[in-house]
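Using the sequences provided together with the hints, build the complete structure.
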Amino acid sequence: MTENRAYVQNLAQQYTEAGKPTEWFEQLYSQANNDSTAIPWADMKPNHNLVQWLDDHNIQGQGKTALTIGCGLGDDAEELSQRGFKVTGFDISSSAIEWCKNKFPNSTVEYRVADLLNPPIQWNQTFDFVLESYTLQALPHLLSSQAISLIANFLAPDGILLVICRGRDIEDQLDKVPYPLTKDQVMEFVDAGLTLVDFEDYLDQERSSVVRRFRATFTK
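The opening position of the sequence shown corresponds to residue 29 in the working numbering, with each subsequent residue numbered one higher.
Here are the computed lysine-lysine pairs in the DSSO-like style, where the Cα-Cα straight-line distance is at most 27 Å: (1) Lys73 <-> Lys92; (2) Lys131 <-> Lys114; (3) Lys73 <-> Lys131; (4) Lys248 <-> Lys92; (5) Lys48 <-> Lys204; (6) Lys211 <-> Lys248.
To be clear, the hints were calculated from the coordinates, so they are not data collected in a lab.
Below you can see the structure in the form of structure tokens.
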């Protein structure tokens, strides 16, 4: 796993330096050859930070729509679907989307290839629930700021956005992917027109290490 993480960091750095900071995702998924252990963030189960939040807030999705940003191998999208949401899951990697469709052949989730930085216009102000989990932290700061305004625009009136990411203090050094976010960065969603409902700053057990995590809820 350590070797895989180092490979991902080097891959992301190479593409970023080449001016293509989002194209490394496709290379990673396509070269994995359906081996999930090659994807450092692929737990092959829903994110426990999402599941805990859904349980704690007794979230029911019947009659509501949901969007999963950077859906990866689809486990979070499937969790939302099982809770009643009509779910759209998207990823910039066509290989990841094909993997999702093969992994969940009977799924009701709509899996599709899309670019967060150039999303379909029909998604504007459409979704009752939007999940942003770990995608912003994979983008350089300038792109993450751009993405925040686009994500905020996905929400329908009275919709809920849940953001889960690594957290850091502003003085912490950024060198390699993932790039943890500061609280001020997360609060850019307020500048984008959303209202903060809750902000959690906590330590989270991630495999063999403990990481600082932010989990924030916004509404429109």
